[in-house]
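Novice: What follows is the residue order along each chain.
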Amino acid sequence: MARAAVRGRLNWTLGEVVELIDETPRVRSIVLDVPDWPGHRAGQHVDLRLTAEDGYQAQRSYSIASSPEDARLTITVEGLPDGEVSEYLVGELRRGDKLELRGPIGGFFVWEAVSGGPLLLVSGGSGIVPLMSMLRHREAADATIPTKLVSSSRSWDEVIYRDELERLAAAANGPEVIHTLTRSQPPGWTGYARRVDGAMLAEVAWAASSMPMTFVCGPTSFVESVAAALVLLGYPATSVKTERFGPTGG
Amino acid sequence: MAYISRGFRGKRAKEREDARLPPGQYLVDGFPVLSAGPTPHTPLDEWTFSVDDEAATLKTWSWEQFRALPSEEIRVDISCVTKWTKLDTAWEGVAIDTLLEGVEHRATHLMAFSDGDYTTNLPVEDVLDGKAWVAFAYDGQPLEAEHGGPARLLVPHLYFWKSAKWVRGFRLMDHDEPGFWESYGYHIYGDPWREQRYAGD
Chain A
1 MARAAVRGRL NWTLGEVVEL IDETPRVRSI VLDVPDWPGH RAGQHVDLRL
51 TAEDGYQAQR SYSIASSPED ARLTITVEGL PDGEVSEYLV GELRRGDKLE
101 LRGPIGGFFV WEAVSGGPLL LVSGGSGIVP LMSMLRHREA ADATIPTKLV
151 SSSRSWDEVI YRDELERLAA AANGPEVIHT LTRSQPPGWT GYARRVDGAM
201 LAEVAWAASS MPMTFVCGPT SFVESVAAAL VLLGYPATSV KTERFGPTGG
Chain B
1 MAYISRGFRG KRAKEREDAR LPPGQYLVDG FPVLSAGPTP HTPLDEWTFS
51 VDDEAATLKT WSWEQFRALP SEEIRVDISC VTKWTKLDTA WEGVAIDTLL
101 EGVEHRATHL MAFSDGDYTT NLPVEDVLDG KAWVAFAYDG QPLEAEHGGP
151 ARLLVPHLYF WKSAKWVRGF RLMDHDEPGF WESYGYHIYG DPWREQRYAG
201 D
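So the protein sequences, as listed, match chains A and B.
Heads up, the first sequence is in our numbering, so the first residue is 1 and it goes up one at a time.
Heads up, the second sequence is in our numbering, so the first residue is 1 and it goes up one at a time.
Be careful, since some hints might not be right.
[Unchecked claim] Not everything, but these chain A residues come out facing chain B in the computed CB check (under 8 Å): (1) TYR56; (2) GLU84; (3) THR220; (4) ALA227; (5) ALA228; (6) LYS241; (7) ARG244.
[Unchecked claim] Each computed SDA-like pair below joins lysine to any residue, with the alpha-carbon atoms no more than 20 Å apart: (8) LYS241(A) to GLY116(B); (9) LYS98(A) to ILE4(B); (10) LYS11(B) to GLN57(A); (11) LYS11(B) to GLU100(A); (12) LYS11(B) to GLU84(A); (13) LYS11(B) to PRO81(A); (14) LYS131(B) to MET111(B); (15) LYS11(B) to ARG49(A).
Keep in mind that the hints were calculated from the coordinates and are not lab data.
Glycine is no exception: its CB is placed at the ideal position from the N, C-alpha and C atoms.
Use the sequences and the hints to build the structure in full.
Specialist: Structure, rendered in structure tokens:
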């Protein structure tokens, strides 16, 4: 097992909001200038801390969306109904505000161009965020590692990073991007229109014999079923790395 | 001094519950699931639980033997390092005291090991005297696989990654060493009341 390098305490630091990007009606990317940022690897996350005027604090973890090569740090947040932190980030936060954060955190759900492949990324909804960091890193590092992204969204309008994914997929040596739209599809849609299942993965995922490195991220039920289906297809359990977010949260 | 987040009010827990909430945590009603890989499914007739030392297996139980051990009902609050805390969770399990009964050792620490190659380290004193269990039921039902069934460690006074899912035994050690998440930058001990989330906290 890889041992992380010994390091000191992760200290809270301030980042300034330099750009806000509405990715979908409910999802917003927050681009931060973090002068003290020590760098990260694709797949890691940060802890964010909000403080009210009376001292009340709330913390949550968010996946990093930007590549390690990007000078600015981007997180992408889905506004959850009643989510005390996500509602603030998606609704209230403005350019020029600052956010307290610390990180990077996590060293397991991580892919680097030097790790090799082929690479299989499977996302449900906003589970695409840490996988996008991997795709952006792959592009920034000029990696040609064969890569597929299977992305499940409710509708075409709710595909996060849609234009960028199209651009990446169209590039020479770009990743293959397979969308499935589970609730509604635009007129003339010829792609998948159901939840990711074993039959779909058998059609589009790498054969187990090619020894892919696999990252699955999404809601718990999504990750459970995708990971189980991949194991049934012969993927070694240890080659499938998962990250889940529960039905509750901030 | 913390930075004041312009326009942030937050949704506070009720005062009565607030006192039970470790720093930086928020309350949930559901039971979020977190794990590093696919959920393993070991059939009960192949399941064993063993207590090893560095050299040998000292004790081992089949599922049937394990379930014949005296068990207890446990009602505890649990806190995950990802910030959620769930109050009054109800479990049934076998106390580690019971599993270590009659085992002669001079161990200071143990490494719990699980299906799926997961490990986590604990000081021995943190699992004795009714502080930790191997739990096999949650809310009166057999523990579901996605929550760590058939059996998981339950060490409620530490962050919940220490309560290893799909636990299959532990190795007694005369020293401390990092387990799985501890090797990836999480705190070696993990006390939620001291907010020991990451190495160095």
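Novice: Indicate, hint by hint, whether the structure satisfies it.
Specialist: Each hint tested on the structure:
no., hint, verdict
1, TYR56, "holds (5 Å)"
2, GLU84, "holds (4 Å)"
3, THR220, "holds (4 Å)"
4, ALA227, "holds (4 Å)"
5, ALA228, "holds (6 Å)"
6, LYS241, "holds (6 Å)"
7, ARG244, "holds (6 Å)"
8, LYS241(A) to GLY116(B), "holds (11 Å)"
9, LYS98(A) to ILE4(B), "holds (9 Å)"
10, LYS11(B) to GLN57(A), "holds (10 Å)"
11, LYS11(B) to GLU100(A), "holds (18 Å)"
12, LYS11(B) to GLU84(A), "holds (6 Å)"
13, LYS11(B) to PRO81(A), "holds (13 Å)"
14, LYS131(B) to MET111(B), "holds (16 Å)"
15, LYS11(B) to ARG49(A), "holds (14 Å)"
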